[in-house]
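Chemist: With the hints as a guide, bring both chains together as one complex.
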Amino acid sequence: MTGLSYTLREAFTNISRNGLVVLGAVLAVFVSLTLTFGTLVLGEVVRINTLQWAEDVRVSAYIRDDVSPSGIASMQAEMESWSEVDEVFFMSRTEALAEARVLLANRPAALRVIEDDPSIVPPSLRIKPVDPEDYQTIVTRAEAMPGLLKVESAAEAIDGMISLRDGLQIMTLFLAVALGIAAVALIANTIHMAIYSRREEIEIMNLVGASNWFVRTPFLLEGAFEGFVGAGLAVLVVVGGIRIASNQLTDLPDFVNIAIQSDYIVRNGALVLIFGVVAGLVGSGLSLTVHKYLRT
Amino acid sequence: MLRLENVTKVYDGGVVAVKDVSLDINKGEFVFLVGPSGSGKSTLIRLMMRDDLPTNGDIWIAGKHASDLSPWKVPQLRRSIGTVFQDFKLLPNKTVYENVAFAMEVTGKPRSAINSQVPQVLKLVGLSAMADRPPRSLSGGEQQRVSIARAFVNRPLILLADEPTGNLDPATSVGIMRILDHINRTGTTVVMATHDHAIVDAMRRRVVQLDRGRVMRDESRGVYGSSSVVEEPEEPVDLAVTDDDGTTNPASAETVLDTDENPAEGTPDDKVTSEPTELAATGDAG
Numbered sequence: 001m002t003g004l005s006y007t008l009r010e011a012f013t014n015i016s017r018n019g020l021v022v023l024g025a026v027l028a029v030f031v032s033l034t035l036t037f038g039t040l041v042l043g044e045v046v047r048i049n050t051l052q053w054a055e056d057v058r059v060s061a062y063i064r065d066d067v068s069p070s071g072i073a074s075m076q077a078e079m080e081s082w083s084e085v086d087e088v089f090f091m092s093r094t095e096a097l098a099e100a101r102v103l104l105a106n107r108p109a110a111l112r113v114i115e116d117d118p119s120i121v122p123p124s125l126r127i128k129p130v131d132p133e134d135y136q137t138i139v140t141r142a143e144a145m146p147g148l149l150k151v152e153s154a155a156e157a158i159d160g161m162i163s164l165r166d167g168l169q170i171m172t173l174f175l176a177v178a179l180g181i182a183a184v185a186l187i188a189n190t191i192h193m194a195i196y197s198r199r200e201e202i203e204i205m206n207l208v209g210a211s212n213w214f215v216r217t218p219f220l221l222e223g224a225f226e227g228f229v230g231a232g233l234a235v236l237v238v239v240g241g242i243r244i245a246s247n248q249l250t251d252l253p254d255f256v257n258i259a260i261q262s263d264y265i266v267r268n269g270a271l272v273l274i275f276g277v278v279a280g281l282v283g284s285g286l287s288l289t290v291h292k293y294l295r296t
Numbered sequence: 001m002l003r004l005e006n007v008t009k010v011y012d013g014g015v016v017a018v019k020d021v022s023l024d025i026n027k028g029e030f031v032f033l034v035g036p037s038g039s040g041k042s043t044l045i046r047l048m049m050r051d052d053l054p055t056n057g058d059i060w061i062a063g064k065h066a067s068d069l070s071p072w073k074v075p076q077l078r079r080s081i082g083t084v085f086q087d088f089k090l091l092p093n094k095t096v097y098e099n100v101a102f103a104m105e106v107t108g109k110p111r112s113a114i115n116s117q118v119p120q121v122l123k124l125v126g127l128s129a130m131a132d133r134p135p136r137s138l139s140g141g142e143q144q145r146v147s148i149a150r151a152f153v154n155r156p157l158i159l160l161a162d163e164p165t166g167n168l169d170p171a172t173s174v175g176i177m178r179i180l181d182h183i184n185r186t187g188t189t190v191v192m193a194t195h196d197h198a199i200v201d202a203m204r205r206r207v208v209q210l211d212r213g214r215v216m217r218d219e220s221r222g223v224y225g226s227s228s229v230v231e232e233p234e235e236p237v238d239l240a241v242t243d244d245d246g247t248t249n250p251a252s253a254e255t256v257l258d259t260d261e262n263p264a265e266g267t268p269d270d271k272v273t274s275e276p277t278e279l280a281a282t283g284d285a286g
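Residue numbers (my numbering), protein chains in the order written: chain A, 1 to 296; chain B, 1 to 286.
Read the hints as simulated data drawn from the structure, not as lab findings.
Be aware that a few hints might be false.
Claimed, not checked - The calculated lysine to aspartate or glutamate pairs, modelled on EDC-like cross-linking and capped at a C-alpha distance of 20 Å, are:
| hint | chain 1 | residue 1 | chain 2 | residue 2 |
| --- | --- | --- | --- | --- |
| 1 | A | K150 | A | D134 |
| 2 | A | K128 | A | E95 |
| 3 | A | K128 | A | E84 |
| 4 | B | K109 | A | E201 |
| 5 | B | K64 | B | D24 |
| 6 | B | K64 | B | E5 |
| 7 | B | K94 | B | D132 |
| 8 | B | K89 | A | E203 |
| 9 | A | K150 | A | D66 |
| 10 | B | K89 | B | E105 |
| 11 | B | K64 | B | E29 |
| 12 | B | K94 | A | E203 |
| 13 | A | K128 | A | D159 |
| 14 | B | K89 | A | E200 |
| 15 | B | K89 | A | E201 |
| 16 | A | K128 | A | E152 |
| 17 | B | K73 | B | D51 |
| 18 | B | K94 | A | E200 |
| 19 | B | K27 | B | E5 |
| 20 | B | K73 | A | E203 |
| 21 | B | K27 | B | D58 |
| 22 | B | K64 | B | D51 |
| 23 | B | K89 | B | D52 |
| 24 | B | K19 | B | D58 |
| 25 | B | K109 | A | E203 |
| 26 | B | K94 | A | E201 |
| 27 | A | K150 | A | D65 |
Said to hold, decoys possible - Covered by chain A, per the in silico footprint, the following chain B stretches (three or more residues, Cβ under 8 Å):
| hint | stretch |
| --- | --- |
| 28 | 72 to 79 |
| 29 | 98 to 107 |
Here the structure is a predicted model, which is why all the values come from computation and not from measurement.
Where is the CB? At the ideal position from N, CA and C, for every residue including glycine.
If we strip away everything but chain B, and leave its shape as in the complex, we get (with noise of 0.2 Å):
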């Protein structure tokens, strides 16, 4: 789905910020890009989305060799990308529920595409109640899950994420990690940059560990820290799957999209404070 070739970025003024880097990200996987600021995650996850060009090497996204694409394609290479923010991104003057039709809109998707998609991803989120709400009335985590919904309004094939909590208190964190998960349960690819040690530890998922721009550890079911320096969970954390009481809801993520008990639907706020326990075991988040 995602596969980088020995790429390096170097920017105006001879500040290289990724050193080849090579990554080979199958359809449907999680992969945690990590690392301190300035080590390249955002780089990567702007070359991903074909926003910046490697200065050196190849990357395909989606089947497509980025640098072999001709601009004017590129809008329809972004059509199987989701992207998510730290600053959400969402236009002020329109509601919530506007503001992920507007994803619809632009892409010249039909008025009767949009009016059914846009209440289902909303409720996927669990925003459906909050849908005529212009975004500032909203807290920093619906906001974020106003900009998901927007992401995925499209069904991309990928989702890419960059520091989508890195705003966010940790107990909301964790509602939109459990969002993130539903939709890579759909099928889709989830790449999120994050150096939130709380959630990686919790989520043990791929992770790739960046350092000055090049790849220090690719691990599957990995931690933020190196094993050896972070204690790790007895069991990992599955936060999408948990129900509130704590059993373990094995539904595919079909079901989990389709049924009108979504995990996410209602006060999902409300709903995480009861659960940073878990959290609070990995380590500290900050």
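Next comes chain A alone, as it looks inside the complex (with noise of 0.2 Å):
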């Protein structure tokens, strides 16, 4: 297999050869994918906390005095009807004090106010979206039924969430794509620079009748270990990221969830890698394509 050797042998000459250059690339690859990949996983973290938060996401529909618990439950079985609906339960005036008491423990004031007058706080429906999106549809549904008072939500909180959510995939996604094309243009640039300091070699090797794939497989193979190097430094720099990051912020706020499965770190970690890989191959196939020493 003089082939194989000889393929891996030029490989590798032509990076320790040009050290600075393939250095050069290897960083650029690096830097590219950690940003990237270090957004995908902000982003993971931030979807999987709205995710968290939107399970708690309910529109609530506030009854009026005057209609009978037969009436509530009719209400209550249209509502359930809804395609956009999950789920409904009735929160009586006991129950909702129970809970105004919770949430207003820190203002005794307030809790004052109801203590006084239990009438104020009205039992309600409390209605589960099957998506936190659809919220403002079950609300105006809602508005339109007779025997309710006003309907709620946490209209505010939830669009920040989602346009904080959706806001981080468009920047991964545009990070991804420009840092992805400035990878691939840095390794095409190392590759030229090594088609170049080797145009010699390649002159007499397409003058002896030395087969194309023989001439450009380690131009390639070069490529593909340089972007794969650079991926690895990038997954080796986030994952430890991620370690640092939940070893030391330990005393997040309990509704932050900085816990990210270990199966999506895999996942998108080997997908890095192989981005690594093929913007190398990319790279070196764009340099080979366009040199003029690789003309026949």
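Modeler: Right under this line is the structure:
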């Protein structure tokens, strides 16, 4: 197998010969993919947390005092028939008071107002949407029903969460694309220089009839290797970063969860590595396609 | 072996380098392409190695139609063509041995074949003693012999040489011609572009004279200029089979290659200095 050993030897000879340029390309891939992977992980943290919060998204429909229990039951049944609605449960005045006591524990003045006149805490139907983003439809439909005082939801909080999540997703995508292009371009440049520095050998290989793959494979291997090393460093740094973050940030509020599923890391880490290798192959492939010393 | 039919090559910008050239070169022939700079010699060599394609006309190289050959099959064709250039094209970071072995390595030859063939070819060109030296420590003539060894190590059917003696003095050139003649005698077709009068006149092989891209003359056992201008030598000088003492050695090509008493072995540059008297009789090389 002189062919294979030659190919590997040439790929690594070149890496050692152009050490600084190769280092530059590896660092570029590393920085690009660290940012991309880091943003991905950050997006996942936000997604996990919005999921948790979304679990708690409720639309509250407060019921007028003059509605009979059977009237409430039929309203509940109607709401449950809506496709946007996951479940509806009834919260009596007594339960509402108990909840208010918990929620207003730190605000004795407000609590005293309620205790003085429990009638201002009406019974309500608590509606859980199938998709938190549909809360506005539920509010509109509920408002059209008779027998309700008021329909409320944590509208602004939900909108804020959703736009943060969407914004992060768009940013991740944009970063991934922009930095991916940069990584490919930098590898292409490295390989371009590698081809240039070996143009005499390539010319002779073409003269004596080395096959096209024989001439090109060392460069493709070199690009793939550089992409892989850069991506590997990025994965190490991000995984290390998550470890440190989850060890250090122990005094976060309870509702913020930074525990990321390890299979998410493994799956996306593997994706980042594959992306690094593909970026390397595409970069060197681009160089090989445009380079004048390789025309036959 | 090489067949050109009405070949015209026009470069970008409209320069006509070769115009309506038809040539038929048989297996085992030795052909000189002669003519002044710009007459189309190098273009013909490049067309014959399929480094370039003709604008019009057809070229068959070792039975393959050049224009119809897919680019992916060009490497396979190149393995049957050896090429030698004026500027040697040796790799400076490899030794003489490695430069020759390179042609076998990159065409996927087994290590055992490389180990047996390279020393044999280095012996043929008389450089066995210099195998481990870098090319820059060699004289021009020695470097050109390395490049011939590299071109021949894969035993091509055709050897194309573009001004192989262009950078060398007449004495050194004789050594180069001696080796090319050996190679020709193994059955390899040799096509050599040159404007070296002395060599062409001394060898008395087929001469194709070009002028502004056209074939002006195609003559077997020809000389550089037209016969009326250049005084013909009494006897054609056969460089390859003339030993030091001037006796003619009618050995066949195979025995020349295999014998230990290879005429090119040893210190050929010293040897050839004794011979230019024969060349001097045929006229000035410049």
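Chemist: Which of the stated hints cannot be reconciled with the structure, identified by number in ascending sequence?
Modeler: Of the numbered hints given earlier, the structure breaks none, since each of them holds.
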